[in-house]
Amino acid sequence: MKNRAWLFLLPALAFMSISAVIPLVTVVNYSQNYIFAGSMPFFVGVENFVEVLQDSQFIDAVIKQFVFTFLVLIIEIPLGIIIALAMPQKGKWVPLNLVLLGIPLLIPYNVVGIIWRLFTQADIGVVPNAFKLFGYMYNVTLNSNDAFFTILTVDVWHWTPLIILLSYAGLQAIPSAYYKAAAIDGASKWNTFKYVTLPKLRTVLTIGILLRFMDSFKIYSEPLLLTGGGPGTATTFLSLFVSRKAESYELGYASAASLIYFFIVLVLSYIFFQFISRVGRGVHHA
Amino acid sequence: MHRQNSRIGATILLIVYFLLLIFPVYWMVNTSLKYDEEILSSMTFFPREVTFKNYAEIFGSSLWMNSFKNSLIYVFINVAITIVVSVPAAYAFSRWNFRGDKHLFFWLITNRMAPAVIFMIPFTQLYNNLGIFDTHIGVAIAHLLFNIPLAIWILEGFMSGIPKEIDETAFVDGYSFTRFFFKIFLPLVKQGIGVTAFLCFTFSWVELILAKTLTITNAKPVVVTLTVGIGAEGVKWGLLAAAGVLTIVPGAIVVYFVRNYLAKGFALGRV
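As they're listed, the protein sequences go chains A and B. Per my numbering, the very first residue in the first sequence carries number 1286; after that it's consecutive. Per my numbering, the very first residue in the second sequence carries number 1059; after that it's consecutive.
Just so you know, the hints here were simulated from the structure itself, not pulled from any lab data. A couple of the hints might just be wrong.
In silico DSS-like pairs for lysine-lysine, Cα to Cα no more than 27 Å straight-line [said to hold, decoys possible]:
(1) 1241(B) / 1485(A)
(2) 1111(B) / 1294(B)
(3) 1222(B) / 1485(A)
(4) 1294(B) / 1417(A)
(5) 1375(A) / 1248(B)
Please take these sequences and the hints and turn them into a complete structure.
What follows is the structure in structure tokens.
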């Protein structure tokens, strides 16, 4: 039986070793070398890592990334739950609701970029014209705050439907008997939500939060297409920062930065996972 | 009365939300049907004069048509390999306990978490050495990096939902393993395979970083062609909008085919 399990896993593991293990080993190797285009690499040990960690631009990109991901989560998760609760549980409108929610998820990242470039273009875009009505001169290429919050809005627009769909699937799985029991006990609306609904949503929300955390932490296409990382470095998030370094052939630096980046994602995902499952369980037993 | 009010409130909230959700998409369709002069001169909510010239330009351009073809080819190769290798792997995880299975599973998932930029540098070097740089199979293999873990993760969920007794009964009835697997087991999880194929399709179709890094001309996909020319003076907005609309079409077609499976896939709460 044991041998058969490995036999079944072999094809998948073979492909994963080509596309994951070999590249990762290469990055680790590069990260310990000084490499610049045209010259022979030589071993520098942890020097690249020290350089990355002392680089104020890298630290700046990390902080910006954390702020962005934090805002993404505290906006998208509650908004997603609220919209899912507002949706009809059954009836003729359900399919329409689900189809509308599916549309943004089907749009390729760079088409999302194009849509929002059209939307935010000075003079001809809807957003600048709308802000003009309120006397605010919105300009995504000149104003750092405008650029940052535009990228945030794009992410909320694009990905809240995923949280809604997951929450909605979770809500569907709660038997109506639970709500009747809560009503008989005279539970308030808030208490019903807190003690009946939320614990039941735990599994789907764990997946939703993890996916949104991982994906917003590696946001790349939206700033690349919408703002090019600017103005200045206002929207140069981590992926964009690292890819710029790689494109300018600072391979040792870029590899070390990549590994630090991966390490942050891994540790945070693990903590998140532990935290969410523990908190959820606590509520469940209450 | 109170209940009625909250229902009305919920409906208003939903209508406002869905209008905001759909408006940007409408704007792209609207732009794709306009002449460039109109797009650049003013903001109009409907085309003054509807034109299909942007679409005609795409269908008449070998650059655009090749890009669409390239994307479709590597996405299909990717989805085919992903499903073929992930189905047995997911079966192993869902049915058997073996040394290190939990760790292996977690390791697989971590590859889904890894930012694609990390793999930019090594892939370029590795692919040049293997001679698969700028080929369809090259991009397809690169995308396996995040699609195999995702596929195993989702399929394992579906398969664990099928009682082990079904396997045992089949063996008692004298089914060989191969016959059981193809005749009984696979039909039971076909919904799961449909959902998985759909998700893998979209992730490969929309991926930009690796596709951009690993291609120059021969395998250049539509997502990369779309980025070329953006940021330069005189962007052809109408053309880009039309191409954008067209990139949504394949996904919509796939959704149409797996629509019945999709609802159940989401309902299992394991997407």
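Taking the hints in turn, this is what the structure says about them:
A distance of roughly 36 Å separates the Cα atoms of residue 1241(B) and residue 1485(A); the hinted pair therefore is violated under the 27 Å criterion. Distance hint between residue 1111(B) and residue 1294(B) is fulfilled; the C-alpha atoms sit about 12 Å from each other, no more than 27 Å. For a cut-off of 27 Å, the pair hint linking residue 1222(B) to residue 1485(A) stands: about 26 Å separates their Cα positions. With a C-alpha separation of about 25 Å, the suggested pairing of residue 1294(B) with residue 1417(A) holds against the 27 Å cut-off.
About 26 Å separates the Cα atoms of residue 1375(A) and residue 1248(B), which keeps this hinted pair within 27 Å; it holds.
Consistency with the previously given hints fails for number 1 only.
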